[in-house]
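Listed below are the residues making up each chain.
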Amino acid sequence: MCHGCKCLIGPSMLASDLSCMADEAKKVIAGGADYLHLDVMDGHFVPNITWGPPVIKHLRKHCPDIFFDCHMMVSNPEQWVQEIKDAGGDQYTFHLEAARDPAGLIEQIKAIGMRVGMALRPGTPIEDALPWVDSVDVVLVMTVEPGFGGQKFMADMMPKVAYLRAKCPEKDIEVDGGLGPATVDAAARAGANMIVAGSSVFNSEVPAKVIAALRRSVEKLGNGKSEEELTQLPS
Amino acid sequence: MARLSLLACAGVAALATVAHGFVPPVPRSYTRGRMAMAAKKDFWIAPSILSADFAKLGQEVDNVLAAGADIVHFDVMDNHYVPNLTIGPMVCKALRDHGVTAPIDVHLMVSPVDRIIPDFADAGASFITFHPEATNHIDRTLQLIKSKGCKSGLVFNPATPLSLAQHVLDKVDIILLMSVNPGFGGQSFIPETLKKLKEARKMIDESGYDIRLEVDGGVGVANIKDIAEAGADFFVAGSAILKNPRTQDAYKATIDAMRAELAKVQ
Chain C
117 MCHGCKCLIG PSMLASDLSC MADEAKKVIA GGADYLHLDV MDGHFVPNIT
167 WGPPVIKHLR KHCPDIFFDC HMMVSNPEQW VQEIKDAGGD QYTFHLEAAR
217 DPAGLIEQIK AIGMRVGMAL RPGTPIEDAL PWVDSVDVVL VMTVEPGFGG
267 QKFMADMMPK VAYLRAKCPE KDIEVDGGLG PATVDAAARA GANMIVAGSS
317 VFNSEVPAKV IAALRRSVEK LGNGKSEEEL TQLPS
Chain X
4 MARLSLLACA GVAALATVAH GFVPPVPRSY TRGRMAMAAK KDFWIAPSIL
54 SADFAKLGQE VDNVLAAGAD IVHFDVMDNH YVPNLTIGPM VCKALRDHGV
104 TAPIDVHLMV SPVDRIIPDF ADAGASFITF HPEATNHIDR TLQLIKSKGC
154 KSGLVFNPAT PLSLAQHVLD KVDIILLMSV NPGFGGQSFI PETLKKLKEA
204 RKMIDESGYD IRLEVDGGVG VANIKDIAEA GADFFVAGSA ILKNPRTQDA
254 YKATIDAMRA ELAKVQ
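Just so you know, the protein sequences line up as chains C and X, in that order. Count along the first sequence from 1, add 116, and you get the number used in this note's numbering. Count along the second sequence from 1, add 3, and you get the number used in this note's numbering.
The following block holds chain C by itself, in its conformation from the complex (with noise of 0.2 Å):
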């Protein structure tokens, strides 16, 4: 089904060069990308531990302007929401099986001016989700059993895409999990317009096409644009 949501394309953090992620940064966003996707794990809530609120902190100091979005996997998101501001977070994304009171925590991250985003893991069913869809601004459906990069792209999840797309016609629906030009077009068709890419786009020898590509797939597949009307392929 067509909607009007905007393409944004995020790259994910967790598959750059983590010796200069400034460098990594700077070379995406030359490259097209609209936000940064920041995957912060705790070793709790995932079995991984990536980076906290000080690397946001100096990542900011490199790239003041680009958005960020933090996807808390932590088991306490209540605890970080004043530090991730304070690091320079745009948008705080937590996980629904991790929060004890989900609209305490959706009201905590609008008072201090940040978009809200929840996440769910692939074996939460979207119907968990309804009950706060209207008060988040963005859902983001896992399309890997978060915890590590590089995983194979959950195709079973796009009926939970679908669902939420009929059900919130309007809703920022991220995706985020083995995303890349292979298998772009089946979460573009299901519906979500942000598309979180690690591997396929920091990978890339040019990530600037991969993140084209990711974005026209959207465009027509989501958005309903004629091929003119498309994002242009970089030469």
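The hints are simulated quantities; they were obtained by calculation from the structure and are not laboratory data. Cβ atoms here follow ideal geometry from the backbone N, Cα and C, with glycine treated the same way. A couple of the hints might just be wrong.
To be verified - Coverage of chain X stretches by chain C, computed from C-beta distances (three or more under 8 Å per stretch; other residues unrestricted):
hint : segment
1    : 86 to 95
2    : 111 to 119
3    : 127 to 137
4    : 215 to 221
Fit chain X to the supplied structure of chain C, relying on the hints for placement.
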């Protein structure tokens, strides 16, 4: 008469050598410990990347190693053992892939610890230290670290007694004393740590084992000599070294000043 004069000669000779600074023989176990310490007078300086510009980590590490640092110190925090969240194994791997060959000294402020130890070993850690409170089985966790080919160590918070190391000294390569409460950089050195360092040095020397005595928290040019004289031989320094201006020359100036202070240690 001849024997008396022989004794007299020996006495004179002994006096003469005392006058030249000869140290009389001492009990065997003390000698072993002291010899081990004398051999370890190569002090190790380990900048902590907790104070680095995380967005330019490879460059920061390259600069600080070129400036004369011996080891890279990694502070890993999971917001469960300490109230902060820093970096994980992927960052360690990124530094190895970047080309860092210097030892990487991973201090795990996480709980529980066992699960993440293999991840860090596989990511290229050289030393892995942990807090005894963070595991249910200290001996087993030490063995896990060693089984993965890394040097092992125990970390003692300011209030944690050294006795927790007593029965595992044969499995410990490093004893790390925290001279601040772990969780954040930029804190001041807790003076009581000097007394604890002396106790730890005595424990290590008496054991006869080759164990490094590391200290972390508020270490800088002004206090490194006192800390070394209290018995430490491995110094973690974060904000003292890695601060603005973030240049190799600035880092070298600080490290050189630290080494100049250490050269004064008896």
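Inset, instruction - Mind taking a look at whether chain C covers the segment 86 to 95 of chain X? Criterion is 3 or more residues with CB to CB distance under 8 Å. - result: holds (count 8)
Legend entry - Outcome, coverage hint (the segment 111 to 119 of chain X, chain C; C-beta under 8 Å; three residues): With 3 residues closer than 8 Å to chain C, the segment 111 to 119 of chain X meets the three-residue bar; holds.
Inset, instruction - Report holds or violated for chain C covering the segment 215 to 221 of chain X, Cβ cut-off 8 Å, minimum 3 residues. - result: With 0 residues in contact (Cβ-Cβ under 8 Å with chain C), the coverage given for the segment 215 to 221 of chain X is violated.
Inset, instruction - Test coverage of the segment 127 to 137 of chain X by chain C using CB-CB distances below 8 Å; three residues minimum. - result: violated (count 0)
The structure fails to meet hints 3, 4 from the earlier list, while all remaining hints are met.
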